Structure formats: structure tokens, C-alpha cells
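Same order as they appear, the protein sequences are chains W and P.
Residue 227 in the numbering used here is what sits at position 227 of the first sequence, and the numbering runs on without skipping anything.
Add 254 to the 1-based position in the second sequence for the numbering used here, that's all there is to it.
Below, computed lysine to aspartate or glutamate pairings styled on EDC-like, alpha-carbon distance capped at 16 Å: (1) W/Lys184 x W/Asp206; (2) P/Lys297 x W/Glu93; (3) P/Lys297 x P/Glu350; (4) P/Lys413 x P/Asp478; (5) P/Lys275 x P/Asp393; (6) P/Lys527 x W/Glu147; (7) P/Lys297 x W/Asp95; (8) P/Lys297 x P/Asp351; (9) W/Lys184 x W/Glu173.
These are calculated hints, taken from the structure and not from any lab test.
It should be emphasised that the depicted structure is a prediction, and the values quoted were computed from it without experimental measurement.
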Amino acid sequence: MRMAPVGANPVSVEVENVTVDYNGKVALHGASLQLRAGSICGLVGMNGSGKSTLFKAIMGFVPPSSGRVLIQGLPSRLVQKRSLVAYVPQAEEVDWNFPVSVWDVVMMGRYGYMNLLRMPSARDRQIVHDSLERVQMLEMRDRQIGELSGGQRKRAFLARALAQQGSVILLDEPFTGVDIKTEKAMIDLLLELKQQGHTILISTHDLASITTFCDQVVLINRTILAYGDISDVFTEENLARTFGGSVGKFLPES
Amino acid sequence: MDTLAIWQWLIAPLQYEFMLKALIVSAFVGAVCAFLSCYMTLKGWALMGDAVSHSVTPGVVLAYIFNLPYSIGAFVFGVGSVLAIGFIKSKTRIKEDTVIGLVFTGFFALGLVLISKNPSNVDLLHILFGNVLGISTGDMIQTFIIGSITLVTLLILRKDLLLFCFDPTHARSIGINIVALHYILLGVLSLTIVAALQTVGIILVVAMLVTPGATAYLLTDNFDRMIPLAIASGVFSSVLGTYISYYLDGSTGGCIVVTQTLLFVVAMIFAPKYGLLKQRSGSPAVEIEGEA
Numbered sequence: 001m002r003m004a005p006v007g008a009n010p011v012s013v014e015v016e017n018v019t020v021d022y023n024g025k026v027a028l029h030g031a032s033l034q035l036r037a038g039s040i041c042g043l044v045g046m047n048g049s050g051k052s053t054l055f056k057a058i059m060g061f062v063p064p065s066s067g068r069v070l071i072q073g074l075p076s077r078l079v080q081k082r083s084l085v086a087y088v089p090q091a092e093e094v095d096w097n098f099p100v101s102v103w104d105v106v107m108m109g110r111y112g113y114m115n116l117l118r119m120p121s122a123r124d125r126q127i128v129h130d131s132l133e134r135v136q137m138l139e140m141r142d143r144q145i146g147e148l149s150g151g152q153r154k155r156a157f158l159a160r161a162l163a164q165q166g167s168v169i170l171l172d173e174p175f176t177g178v179d180i181k182t183e184k185a186m187i188d189l190l191l192e193l194k195q196q197g198h199t200i201l202i203s204t205h206d207l208a209s210i211t212t213f214c215d216q217v218v219l220i221n222r223t224i225l226a227y228g229d230i231s232d233v234f235t236e237e238n239l240a241r242t243f244g245g246s247v248g249k250f251l252p253e254s
Numbered sequence: 255m256d257t258l259a260i261w262q263w264l265i266a267p268l269q270y271e272f273m274l275k276a277l278i279v280s281a282f283v284g285a286v287c288a289f290l291s292c293y294m295t296l297k298g299w300a301l302m303g304d305a306v307s308h309s310v311t312p313g314v315v316l317a318y319i320f321n322l323p324y325s326i327g328a329f330v331f332g333v334g335s336v337l338a339i340g341f342i343k344s345k346t347r348i349k350e351d352t353v354i355g356l357v358f359t360g361f362f363a364l365g366l367v368l369i370s371k372n373p374s375n376v377d378l379l380h381i382l383f384g385n386v387l388g389i390s391t392g393d394m395i396q397t398f399i400i401g402s403i404t405l406v407t408l409l410i411l412r413k414d415l416l417l418f419c420f421d422p423t424h425a426r427s428i429g430i431n432i433v434a435l436h437y438i439l440l441g442v443l444s445l446t447i448v449a450a451l452q453t454v455g456i457i458l459v460v461a462m463l464v465t466p467g468a469t470a471y472l473l474t475d476n477f478d479r480m481i482p483l484a485i486a487s488g489v490f491s492s493v494l495g496t497y498i499s500y501y502l503d504g505s506t507g508g509c510i511v512v513t514q515t516l517l518f519v520v521a522m523i524f525a526p527k528y529g530l531l532k533q534r535s536g537s538p539a540v541e542i543e544g545e546a
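The following block holds chain W by itself, in its conformation from the complex:
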């Protein structure tokens, strides 16, 4: 078994036997997992397998009908008050015609730290500036978000997650519509964030790329089928249960 470099770090995300149902229809059943600080975990499952429900449960948007979710030992209300969980949305969830600039979007990551009028302090501006610099989007700061390419859009929202300074970052399909070069840059950034102690949970269809940078992987299909180090979890049998069909093509090469 591969030695996780972060084995000693404290548990950051704790999902304990969580069941979520929408009006009696079970979307997620008995899900349990523990994510440590300073780790990257891949979340793999088909559409409708409960990936977004798990995200929502971690953000505290859906009250579990049983079980509980703790982030750094805190319940969701406090987690939200402290901006602990940052969410990077899928491209389709965003109205790209909205009259906001890249700078505005990243500044929204700071709202949780501001007063009622949301007046940015010098520190907020500095953090937004640094976040944009980190994703190499500083020169795009005044662009309206619709004027960005697919990769730039992703980086803008990643910068917002950085500005939010949450300890947990959830990324929903971050590599769709992104070229190889941007994907590589984003992965490097995620690895850097991991080194700094962030917990990253990333949903993706791309099994091959997951093996290159994730410490752990979660296979999900209405419940958590398997969870652990990639070498243990990525078996033909598990993937068959996840995708419910032919598995050969899903397995990463090598």
C-alpha cells in the first residue's frame, strides 16, 4: 500500500454514514468518508450517481436524513460562517453574460470576511490580487467573464476559491473544456495547495488524469462503493460497479 504523505494530518472533512433523500427519493445512501488536510481526493461516478449531492452535503446545503457532516469538527452553519468550504462550479452553472469582471468574481470570495456593505479592505484587495496572480489571470482582471476562454473561466473561479481561503476546495468537473496546458497548470496549483494543507475534492470523468495527482479516490454510485488509495480502489470489479458496464475502457493505461 502506498504511503500517503499526509497520513499524520488531521481529518478535515468527515462524512459519517450520510443518507440524503429528496422528498423520499434517496440520492445518497450511507456514505462515509474521511478526508485529511493536505490531500487530494478524486470523486468518480456517472451522472446522477450522487456526486453533486455529496458536494451539497459537504457544503451543508442538504440536511442529511441520517448521519452527519463535519468540517474541521464543525457543523455546516459554522462552516459557512467561516467560509471554510470553497466551491468551484461547473461551467454550465454560471451565467457568463452577467455584468461582472474577473476582479468582481474573485472579490466575491472575500464577501464572507467583509461587513454588511461588503466594502473591500486593502487586505481583501491584496488577497484578490495575489489569487489572480497565482492563476496567471492578473492581466485579465478587468475583462467581463464572458470574454474569457474556457480555461481562463476555470482559472477565474479557481482564483475565487483561493481568495476565499477555505481549507476545503470542491471542484466540479474542472477540466472539461480546458486545454492540456491549462489543465497541467491547474494540477500544479492543486498540488501546491495540497502542500499548504488544503483538502481538495475533485469530481471528474477523466480516470487517467486522476491517477497522476490524486492521493485517494472515491467511487460513488448512490452510495460510496469504494474509497481509499488509487492502487487499492481502481480495480476492474470496483469500476464495473461504478459504471455498471464494460470496464476495460475506463481503466487508466499502464
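Position chain P against the provided structure of chain W, taking the given hints into account.
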């Protein structure tokens, strides 16, 4: 010579107190509605504005019957319609636009029945189309108080409401209460409609709640510029429309909304980035850069 003619055109109506009042009230209402219209446009709530404005009708009639300020009755029914829409939507499988359609027509029909049974108390036409030229000082004060509540609320929650329209998921994840914002925005919408009742009436208030925001949205990509642009177009339309109605001796609300609509058409054709002319000249409104 020309300036003198324009000057006289502008000055002449002001010798009448009712015109002075009408200009002030409609300019104020134009500004308040325009501010709110930015959020209505971005949130896609035009139909909601339509619903609330029609739903206040029975409230206005009942207020007259029981001798209460019309604004109280209107507000109660405006909020009532919003709650009814929310309740039916959450408890049944019916889609939201259907729920909105059935609730507001139900409320409006109730209003019509009430008016027809009390014809001497309430003038249907004034509710439907406003009567800013006949506005009393008391109603004027009511309008100013109600409109100011809207303005202050929007000024304080300007950024939270923007985030609520843009990305409610993120808003929620950083501890912003989006359910509260949802109802605050609906409450402010009801208040604004009440404030605008006298000026343009319930039928045309929707235009004031949508058109300036839509015009400004075509003119800029920046929300902080969108608000002043919308307010400028709202106030300008209100004032010019009121003047035009004086010289045409026509419906004031009608003239205001026609002016707003013309401004929108001008913006639609000539807007620097998103105008039809700009788009036709070969440079698309949104240029997607290739990945570099």
C-alpha cells in the same frame, strides 16, 4: 431662438402645481424602479413583477373600502401573492411560471369583482393606469417614504443581492442567507410596485421594473455602471414622458413607458458593444479568445 423655444417648452407646464408634483413624483419613482430593475433583469424576474403588480389590485380596493392607506392594502396583497406562489410551488408538482400565472390572475380577478361591487369608491382606470397628475400631497409623501425604504435596502444589500442573482451557491457556501435575500428582494419588489401605483398604474409598472435595467444591460458590462445608467434612463423617461403627456394631453404613464421603450430600442440598435449595428458590422459581441 431655438434654446428659447425649448426653454419655454420646459417652463410652461411648471406653472401648474399638479405638473410640478407629477414631474417630481414620476422622476423619483423612475429612479427607484430603475435601480430595482437592474436586479429584476439579471434575476429574470419580469414575470414575477407582473404577478405582484396585478396581485395588489384587491388590496387597493379593500384599503379604500376600509378607509386605510392604499399602500398598506397593496403591500399586504403583494406579499400575499409572493407567499402564495412560493407555497403552491413547493407543495405541488406545478411549474413555477404556471403557478405565477394562475396566482396573479386569481388575485387580479378578485380585485375586479371588488371594484365592480364598489364602483363609487375606486376608479379602476386609476389603479390600472395610474393618475400621477391627480396625486395628492398625502399620496406623494407615501410614495416618497415607500420608495426611500426600497432605495436604502438596495443600497445596503447591493452587493449581496448581486451575488444572490449571480451565484446563489457561492453566496450560501460563505454563510449568506439566500432565502432571506430572496424574500427581501420580493418584499422590495412589492414595496416598489406600491410606490409606483399612482404614477403608472399596475399594468405599466412592469415596464418601469424591466426596461431601464434591460437598456442599461445592453450598454455596459459593469454592474456598477449599469445602476446609474438604468437610473438615468428611468428618470429621463419619466420627466420627458410627463412633459410629452402634457403637450399631447395623453396618458402620463403611457407616455413615460413609451419613452422608456424608445430608449431601449435606441440602445438595442446603437449600443457600443452589444448593439445590432455593432454586431452586424462583423465584430461579434462576445469574442472568445482561443487558448493561448
